[in-house]
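Asks: Model the full assembly from the supplied sequences, consistent with the hints where possible.
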Amino acid sequence: MSSLRDNQLKIEINGLKKEWSVSGYKTRFVVVLLSEESTFGYNKEETEERITSIRRATSLDQKSVLLLPPDATSAELIEFTRSLLTMLQPLVVEYYRDLSKHARRKRNRGTVPPPTAPPTSGTSQTLSLQGWNVRYEIKLGIFAEFRQEIDAALRNYESAYETLFGQDVFENIAGWSPRFNDARLLSDALAIRIIRCLLWTGQTRTAVRSWVNHRARCRDIINRRGKGTRNYGWEAWEARWSMAMAQLIRQANIPGISDNTSSQQGDEDQYMIFVPPEKTTPLSDALCPWELLHHEGYWLYRSAKHAMTRRILAEQIPDEDRIPPGQLPASQIANKSYMYDTYLAPEPYIEAPQPGSTGFNHSQQILDTLRAALEQFARRKQVRKTESLSLEIAEECMRVGLWIEAYETLRPLWPTLTWRQAGWWPLMEKFGWALRECALHMQDSEMVLRVDWELMNRDLKPSVALKAEDVISSRKCSLGYCCLVPASPYLTMPLATVTATFVFEKSEGNVGEPLMGQLTITSLSQRSSDPIRLSEVKVVFEGCLRPLKLQSDQNVTADITTPCTMSSLKLREPTSADSTTLLSPSNGLTALVGMGDLTIGPTQTKVFNLTSVPREAGDSRVASITLLIEDERFDLACAITDLTQRDSVWWQQTTSGVARKRVGKDRDTCRCKIMPKPPKIRISTPNIRETYYTNERVVLELDIYNEEDEAADVSAEVRLFGHPDSAAQILWLDEEGEAISPRSQDSSPIQGARHVAKRSIGIMDRSSRQQLMLVLTDTLEPSTHELQITCVYNLLSDFQTPIIATHRLALSIVRPFEANYDFLPRLHPEPWPDFFIIDDDLVGDETLSKPRGLRQRWCLNSKVVSFALEPLVIERITLVLLSLGGGAVCDIGSEIVADPHALEIRPEELRESTFILEVQKLVLGDRRPTALNLALEIQWRRIGTDAAASTADSANVTTTTLPIPRFVIPAGEPRVLASALNSEAIPGLIHLDYTLENPSMHFLTFNLAMEASEQFAFSGPKTAVVQLVPLSRHTVRYNLLASKRGLWIQPQLNVVDTYFNKALRVQPTEDMRSDKKGILIWVDADD
1 MSSLRDNQLK IEINGLKKEW SVSGYKTRFV VVLLSEESTF GYNKEETEER
51 ITSIRRATSL DQKSVLLLPP DATSAELIEF TRSLLTMLQP LVVEYYRDLS
101 KHARRKRNRG TVPPPTAPPT SGTSQTLSLQ GWNVRYEIKL GIFAEFRQEI
151 DAALRNYESA YETLFGQDVF ENIAGWSPRF NDARLLSDAL AIRIIRCLLW
201 TGQTRTAVRS WVNHRARCRD IINRRGKGTR NYGWEAWEAR WSMAMAQLIR
251 QANIPGISDN TSSQQGDEDQ YMIFVPPEKT TPLSDALCPW ELLHHEGYWL
301 YRSAKHAMTR RILAEQIPDE DRIPPGQLPA SQIANKSYMY DTYLAPEPYI
351 EAPQPGSTGF NHSQQILDTL RAALEQFARR KQVRKTESLS LEIAEECMRV
401 GLWIEAYETL RPLWPTLTWR QAGWWPLMEK FGWALRECAL HMQDSEMVLR
451 VDWELMNRDL KPSVALKAED VISSRKCSLG YCCLVPASPY LTMPLATVTA
501 TFVFEKSEGN VGEPLMGQLT ITSLSQRSSD PIRLSEVKVV FEGCLRPLKL
551 QSDQNVTADI TTPCTMSSLK LREPTSADST TLLSPSNGLT ALVGMGDLTI
601 GPTQTKVFNL TSVPREAGDS RVASITLLIE DERFDLACAI TDLTQRDSVW
651 WQQTTSGVAR KRVGKDRDTC RCKIMPKPPK IRISTPNIRE TYYTNERVVL
701 ELDIYNEEDE AADVSAEVRL FGHPDSAAQI LWLDEEGEAI SPRSQDSSPI
751 QGARHVAKRS IGIMDRSSRQ QLMLVLTDTL EPSTHELQIT CVYNLLSDFQ
801 TPIIATHRLA LSIVRPFEAN YDFLPRLHPE PWPDFFIIDD DLVGDETLSK
851 PRGLRQRWCL NSKVVSFALE PLVIERITLV LLSLGGGAVC DIGSEIVADP
901 HALEIRPEEL RESTFILEVQ KLVLGDRRPT ALNLALEIQW RRIGTDAAAS
951 TADSANVTTT TLPIPRFVIP AGEPRVLASA LNSEAIPGLI HLDYTLENPS
1001 MHFLTFNLAM EASEQFAFSG PKTAVVQLVP LSRHTVRYNL LASKRGLWIQ
1051 PQLNVVDTYF NKALRVQPTE DMRSDKKGIL IWVDADD
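So in the UniProt record's numbering, spot 198 of the sequence shown is number 198, and the numbers just go up one at a time.
One thing to keep in mind: the hints can contain errors.
Distance condition first, Cα-Cα at most 16 Å in a straight line; then the derived EDC-like pairs of lysine to aspartate or glutamate [to be verified]: (1) Lys506 / Asp668; (2) Lys1062 / Glu973; (3) Lys227 / Glu392; (4) Lys385 / Glu375; (5) Lys506 / Asp619; (6) Lys1044 / Asp1084; (7) Lys673 / Glu542; (8) Lys673 / Asp619; (9) Lys430 / Glu392.
Label pairs and their calculated CB-CB ranges [stated by the list, open to error]: (10) Arg1073 / Val889: 28 to 38 Å; (11) Pro115 / Leu4: 46 to 56 Å; (12) Thr784 / Tyr1059: 51 to 61 Å; (13) Asn956 / Thr784: 31 to 41 Å; (14) Glu875 / Leu733: 18 to 28 Å; (15) Gln771 / Arg615: 34 to 44 Å; (16) Ser357 / Gly24: 47 to 57 Å.
Don't read these hints as lab results, they were simulated from the structure. Even glycine gets a Cβ: it sits at the ideal position worked out from N, Cα and C.
Replies: So, in structure tokens, the structure goes:
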């Protein structure tokens, strides 16, 4: 069976090859075999043998016979097709390139080719030279487009387009000729191809301009030579032209604009409204918003608008023109054939059929286009345009009687309509009346009630179809009709016809004291509306305040004419006679009840002054205001939860009537903080200073005064707040020096009992005073601490109610001093150890041995600056050794002050001190560097000039410790020290000694060279070689005589280690300076 089928395939393939070869066309013969066998019956080896047999019998190569397996998936099918087209692509491109060359040669001849057949009258006409050029350019463009050479195709299409609209083609065709519509159709096809090429190449702005230009050219030539543009045919073309642009955008696969690319990305946020202009657009080129390429919805909506205009123009067609051709005489048919533009549009009898006849469905076209546009705008979250399109779709559905679809389109949008917040009242009215009409047809009484409640707002106008005096009656009739279906008893209205606000008189209140608030109810209904009779108003608070409930007083005559009324209502506890019991949502408190006139006339405002007494402390704000209307046909509850107000007002009664004033400029008038009952015990700190310093012992005097009308049992607590890692602590003065007892460490604000001090004061009589002394210590770091002093007391008459008095004060702790340090070398006067001299200690008792290492002398120069805000007295400055590493001992000398008589240091004043350090290694051969960790201790006190200051403050000496950077002394490196001494015999002569030290265990050789200078003359070796044995030093002296007196001279001695070829820097010692060039020596002036 398989061999029979194979033979049949061979015969058919050979027959096709013979036919194609005889045709004379260039062909590439490829055979794709589709397997009919299932996956289970598929034998790969047998199939390959059959394919080989077919290929040999048909003389085809291996690449020309392909097999599609039976179990291929969709992805494999796509890949197979793509590979097949890729294989054929080079041949196809070459073929079309040859065709392009042929067409280009014929175009370049510049002559009209002879006709292949004589023209037949009425059926064909010969083309002019420009017409042949248009034909050649279109062929070249199509061939280039097949070759995927889009730029070349674009040039050919544009050339054909311009030639078509030239004087020799389109302009020579009469408007009544059928060729006129043929030329229009050709121009539309060329414009579509041009726009498609521009979109493919990313020239979106140019594509939009081409679309606009083609529309303008068509309008111009139709107005001049055609049947004009004020007819349904032109609007039909406009709708079709916009629809074509939307389809081109969809097929262009533009990221963010086309649907297929955005859906593949899977992220709705990738949808764009328009394509930004190209980066190559010059800045001087004026850019209009409509010249940017917008998404499909824009063009679809434009098509729908022209379709609506088309319907309007179609409805204006006279009745005699709507008669079908079969019912008219031939003479009338001939006369009317030139009256209407039927290019791409039906005849008038189909466009606007007679009643009872079928024709073009305008509404269906408009609905389909609007729904497609709505989908595009909704994807891009253009909410306002989406709402506008939904309204237009609903109006179109209402036009054709699709009430269910219209209602389902409008109903979900009504609660969240953005036009309501934006204040677009004309659109809001249009939407509301359309939804109301749909709800009436659907008999949805709840929706009718919702819409009518908002349409009564004075910002909205009544429907044009109803008179102003008939609006209320029509609403009543509709409500009575709709209430055949029970309405929901509680509805929340976004746009209220009645609004209510609640304002607190003050931002704070106290427990047990009257708190006044003002409830303002304003009618926003139209003047033609009936009064609104509220049965109940509920004000609910979040927090500690009880809710309020106002009920309508039937015994009071309603005032609906006065523009603004004010009344003060008395609130009472609820009784069993009240219909309902209102509870607060946050604390379950029962409501206070009041009675008043709750009938509100149109545009009327009623103000109610309400006074309540809070019983608990805390924050409270207005949560909601609910207005209840109880009618025979429905119950309506309007809940107001958004109580934010731009301008809060407080109404008050004046001689001229009720007036208002603005309040709450710097506060939220809907929020009130209820404070506890105010304490009358006063806490003060009379001796507080503005600034305290680190390490200072701070003594604070706490003064507690009882201003209550009776005695009270008082206890005091002090808490210290600051940085969590602070070591500061507080304690009472009489407890200083005692161990800290474990006092409620869980209540400590920082880290335990040292930040909390408690004391029971006991009974304080009326107008009595008590002083407590508090000490703050261990303020090691600069910071700002806060002390909270709390007195908790109970009046003897009301022992169950605690009253809290709190006093807070800030203590600024600053560092009184800052210092800079210089660590300088000095020359030790004692000689170094000698290899040839044996010390008696070497053979002594090891336990009594002393350090035998090398000795070095160093100088620490400190410059202390006062950052205090007042003069301080410095008693003493001490250099303290914190730690010493590297196997050495250190001896620190006392302070050497630059100005010994200046004991007082003023703000920002400097005090310079010097300390001599002698460092000696324990072992002579130890070459490790020595690390010094030092600190500067400054003992100071305040100047006791303030008579109000306590004696403890002025006499107490505080020790402030300043950290010093770590200094490292090298022990194994050679160095050169310079020291200068003025000659006693010859004035102006300076003895300059250079001491070369070799602390290492190596023999070192140094080359010395003294440079000549114009500043001085010297005696001594100009050049010298100094050899040093291990652990030795050598001094070289120079005598200098300066050329001038009273200046700094700079001798330059170059010292080079010959082994390492390293230059050693000369280091100055006492009474010397140095800079980048070297040491500086001062020459005294003449006496």
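Asks: Each hint: holds or not?
Replies: So, going through the hints one by one against the coordinates:
As the CA atoms of lysine 506 and aspartate 668 are separated by approximately 10 Å, the hinted pair is consistent with the 16 Å bound. The straight-line distance between the Cα atoms of lysine 1062 and glutamate 973 is roughly 12 Å, inside the 16 Å bound, and the hint therefore holds. With a C-alpha separation of about 31 Å, the suggested pair lysine 227 and glutamate 392 falls outside the 16 Å cut-off, and the hint is violated. With a C-alpha separation of about 11 Å, the suggested pair lysine 385 and glutamate 375 falls inside the 16 Å cut-off, and the hint holds.
Distance restraint check for lysine 506 and aspartate 619: the Cα-Cα separation of roughly 13 Å lies within the 16 Å cut-off, and the hinted pair is therefore satisfied. Distance restraint check for lysine 1044 and aspartate 1084: the Cα-Cα separation of roughly 9 Å lies within the 16 Å cut-off, and the hinted pair is therefore satisfied. With a C-alpha separation of about 11 Å, the suggested pair lysine 673 and glutamate 542 falls inside the 16 Å cut-off, and the hint holds. As the CA atoms of lysine 673 and aspartate 619 are separated by approximately 4 Å, the hinted pair is consistent with the 16 Å bound.
Of the supplied pair hints, the one linking lysine 430 and glutamate 392 holds, its CA atoms being roughly 10 Å apart against a limit of 16 Å. Under the hint 28 to 38 Å, the C-beta atoms of arginine 1073 and valine 889, about 30 Å apart, fit the expected range. In this structure the supplied range 46 to 56 Å holds for proline 115 paired with leucine 4, their Cβ-Cβ distance being about 52 Å. At roughly 60 Å, the beta carbons of threonine 784 and tyrosine 1059 sit within the given window of 51 to 61 Å.
Range check, asparagine 956 to threonine 784: Cβ separation about 22 Å, and the 31 to 41 Å hint is violated. For glutamate 875 and leucine 733, the hinted distance range of 18 to 28 Å is satisfied, since their beta carbons lie about 24 Å from each other. The supplied range of 34 to 44 Å is met by glutamine 771 and arginine 615, whose beta-carbon atoms lie about 36 Å from each other. Evaluation of the 47 to 57 Å hint for serine 357 and glycine 24 yields a pass: the beta carbon distance comes to about 55 Å.
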